[in-house]
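Participant: Sequences are here, hints too, so could you generate the full structure?
Number of protein chains: 2
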Amino acid sequence: MDMNKGEVLFIGNVESVKDNLSKIKIYEEYIEGLYRLSIFSHIIILYWFHNRDNEKDRSVLRVIPKMHKGAPEIGVFTSRSPSRPNPIGLCVTELSLIEGCVLNVKGLDAEEGSPIIDIKPYLPRSDSVSIARVPNYMQTGLST
Amino acid sequence: MDMNKGEVLFIGNVESVKDNLSKIKIYEEYIEGLYRLSIFSHIIILYWFHNRDNEKDRSVLRVIPKMHKGAPEIGVFTSRSPSRPNPIGLCVTELSLIEGCVLNVKGLDAEEGSPIIDIKPYLPRSDSVSIARVPNYMQTGLST
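Protein sequence lines, in the order shown, are assigned to chains A and B. Going by the working numbering, the letters in the first sequence line up with residues 1 to 144, in that order. Going by the working numbering, the letters in the second sequence line up with residues 1 to 144, in that order.
Source of the hints: derived by calculation from the structure; they are not laboratory data. Do not take every clue at face value.
Treat identical chains as interchangeable: a pair holds within one or across any two.
[To be verified] Using 30 Å as the maximum straight-line C-alpha spacing, the simulated DSBU-like pairs for lysine-lysine come out as follows:
id	residue 1	residue 2
1	LYS106	LYS5
2	LYS5	LYS18
3	LYS106	LYS25
4	LYS106	LYS23
It should be emphasised that the depicted structure is a prediction, and the values quoted were computed from it without experimental measurement.
Facilitator: In C-alpha cells:
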C-alpha cells in the first residue's frame, strides 16, 4: 500500500440542483448502505470538487475568500475553498426525502455532476458547536 | 481521468493522542495552508481510517453500532462506522495551539498514526444544527 495517498470511490453523484433542493443518486451497489437513513433529519455529505481535481487547483495553499468582504489572505486549510490539495467538499444538509436510490436534500452546495464520496448522519452532540469563534468577515455573506 | 474514483494525498498524520489532546503533524509542503488558522476556535478534521483501508472493511454496507445499546442494524451511511466504502473519518475539534507544523486539538477521535486528508474551519452558520433529529440510541453513550 502506498503510504502517501489513498483511493476514494465515487458512491453516487449530484443528479440535479434546483433552488435549494438537490437530488443525489446513489449507485446501485451502495444502496444498502442507506438502510434506515431517514431516522436522521440531517446528514453530512462529502463530495468531490471534480472541476478542481487538477494539478493547479490542488497546489493552492493560500487564498483570498472573494465571497467575504474584508477577508485577508489565509491558508487554504483556513478556508472552505474548493481549490485545495484534496478536492473534498463537506456540507451539512437536511434530508427531506428518500426515493429509492435518490436522496432529496436541502442546502447542498455541490454542483450538478459532483461525485459523492461519503454520507454520514449528523450528530449534534459531536458535530454542533454553536459557540465556535469565527472572524468577522465570516459572519456575513455566504455561509461557507 | 478515471470517472469512478479519485486520489487523496495524505497531508499529515496524528502524531500522538493523550487523553483528550491530539497532536497532528502537517507535512512541510502543506504548512503554508495553515496560515491564519488560529482565527478559528474549532476545525473539522478529515482523516483516513488506515486500519480499515482494505477490501473487507470497504465492502461493509450494514452495521450494528455496538457502542450504542439498543441500536438496530442500519446502513453504513446511517452510521459513523470506520468500516465503510471510503475510510474517511470526520471530527469537529477545538484548536488549542499551533506549534509550527504541529496542531494541538481537543476531541479528535482518530488513532495515532492516522493520515490527515483535510482541515476545514468550523463555521457555525452552516455546520451547527443543534436541533437535528437523532434516534434515541444515539442520545447516550459515545458521541459518535
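Participant: Are the CA atoms of LYS5 and LYS18 at most 30 Å apart within a copy, between copies, both, or neither?
Facilitator: Classified as between; 26 Å across copies, 35 Å inside a copy.
Participant: Give the relationship of LYS106 and LYS25 under a CA distance limit of 30 Å: within one copy only, between copies only, both, or neither.
Facilitator: within (14 Å within a copy, 36 Å between copies)
Participant: Should LYS106 paired with LYS5 be assigned to within, between, both, or neither, using CA atoms and 30 Å as the limit?
Facilitator: Close across copies (25 Å), not inside one copy (32 Å); limit 30 Å.
Participant: Go through the copies and call it for LYS106 and LYS23: within, between, both or neither, with a Cα cutoff of 30 Å.
Facilitator: For LYS106 and LYS23, the Cα distance is within 30 Å only inside one copy (9 Å; across copies 35 Å).
When the structure is compared with the earlier hints, no violation turns up for any of them.
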